[in-house]
Amino acid sequence: MSDFFFALVADYGVPIVFVVTFLSCLALPVPSSILMLTSGGFAATGDLTLSTVLAAAFIGAVLGDNAGYWIARASGDRMQNWLEKNPKRNALRHKSQSFMEKWGGASVFFSCWLVAPLGPYVNYVSGLTRFTWLRFALWGIAGEVVWVSLYVGLGFTFADNITLIASMLSNASGFITAMGVAIGLGIWLWKSSKPRMDKQVQRPHI
Amino acid sequence: MIDRIKYLWARHRLVVIAFLSVLVIIGYFAIKTFSAMIYWQDPAHKNQDIEPWMTPRYVSLSYRLPPEILGPVLCLEKGAPPRRISIGKIAAENNLTIEELQARIDEAAAAWWAELARKKP
Numbered sequence: 172m173s174d175f176f177f178a179l180v181a182d183y184g185v186p187i188v189f190v191v192t193f194l195s196c197l198a199l200p201v202p203s204s205i206l207m208l209t210s211g212g213f214a215a216t217g218d219l220t221l222s223t224v225l226a227a228a229f230i231g232a233v234l235g236d237n238a239g240y241w242i243a244r245a246s247g248d249r250m251q252n253w254l255e256k257n258p259k260r261n262a263l264r265h266k267s268q269s270f271m272e273k274w275g276g277a278s279v280f281f282s283c284w285l286v287a288p289l290g291p292y293v294n295y296v297s298g299l300t301r302f303t304w305l306r307f308a309l310w311g312i313a314g315e316v317v318w319v320s321l322y323v324g325l326g327f328t329f330a331d332n333i334t335l336i337a338s339m340l341s342n343a344s345g346f347i348t349a350m351g352v353a354i355g356l357g358i359w360l361w362k363s364s365k366p367r368m369d370k371q372v373q374r375p376h377i
Numbered sequence: 772m773i774d775r776i777k778y779l780w781a782r783h784r785l786v787v788i789a790f791l792s793v794l795v796i797i798g799y800f801a802i803k804t805f806s807a808m809i810y811w812q813d814p815a816h817k818n819q820d821i822e823p824w825m826t827p828r829y830v831s832l833s834y835r836l837p838p839e840i841l842g843p844v845l846c847l848e849k850g851a852p853p854r855r856i857s858i859g860k861i862a863a864e865n866n867l868t869i870e871e872l873q874a875r876i877d878e879a880a881a882a883w884w885a886e887l888a889r890k891k892p
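Protein chains in written order, with our numbering: chain A, 172 to 377; chain B, 772 to 892.
Check before you lean on any hint, since a few could be wrong.
Derived BS3-like pairs (lysine-lysine); straight-line CA-CA distance at most 25 Å [stated by the list, open to error]:
#1 A:K365 / B:K777
#2 B:K777 / A:K259
#3 A:K365 / A:K256
#4 A:K362 / B:K860
#5 A:K365 / A:K259
Please keep in mind that the hints were generated in silico from the structure rather than gathered at the bench. This structure is a prediction, so every number in the text was calculated from the model and none was measured.
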């Protein structure tokens, strides 16, 4: 499937880079990371120009992030009543709100590049929890600068073997993302088992 | 520890299952990374086979072949300005398969390298 998008870049150029990075920020299954590597490679060969590739990928990604944020924010406002009706749903919402208050900036920043597969979902959560838009946008821009320059730069540098660098990076990115999710779930499980266990021990058996 | 696991299994079974599945995914990526490393260590795999998405200039860079050698191999018009076109399109326009193009490139590359070796003893 990636090859299909690579061929599109070869035939139609930079607009494809823009469309694909935009769509990937909305959780659509398009191979944006390796597409940026390929475009970086094409920039090295002279088929595309480096500055336009960087600009297209960056603008596509930033617009995509913000589109995701506002879609989620608008639907969150519409679901207000539905969310507040059920105490469990409401509690979840408040919990994620306080999480975003504390860790929102870092989550947005790292989900743009280090754990990129989580990016679109962090955009949606940011919108749903009404995370401050300016903070979201600025951390997002910072993250996308890293994502775009990292992938396009690597493609440009290792242009003579894109297949190698693509397979290396997609494995590494999958590994790091899975690691991050495991650590997050692990911490959650550890925390949520501790205090209640103490209570359980204290409670006399009947 | 066992009490903890028992408690979590009773109360948050779905999260525990999610956690375990993520561990399996980590293992999967670790194995994939490892096998990719072994694959690319092999010098025979260092030359990247052509793919339909590549462009003539990309092939030229990857195979270190000058455009004047590669041009005729890819049925490009002599003296035409360089343009962005995919190997897939070139193959389709000239009624060739990717394998046939690959064979032509390999042949030209071998000849080119032999000539270079002859010039530089």
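Hint by hint, here is what the structure shows:
The suggested pairing of K365 of chain A with K777 of chain B holds, with an alpha-carbon distance near 12 Å, which does not exceed 25 Å. Among the hinted pairs, K777 of chain B with K259 of chain A is consistent with the structure: their alpha-carbon atoms are about 24 Å apart, no more than 25 Å. At most 25 Å may separate the alpha-carbon atoms for a hinted pair to count; K365 of chain A and K256 of chain A exceed this at roughly 30 Å. Proposed proximity of K362 of chain A and K860 of chain B is contradicted: the alpha carbons are some 57 Å apart, above 25 Å.
With a C-alpha separation of about 21 Å, the suggested pairing of K365 of chain A with K259 of chain A holds against the 25 Å cut-off.
Going through the hint list in order, the structure does not satisfy hints 3 and 4.
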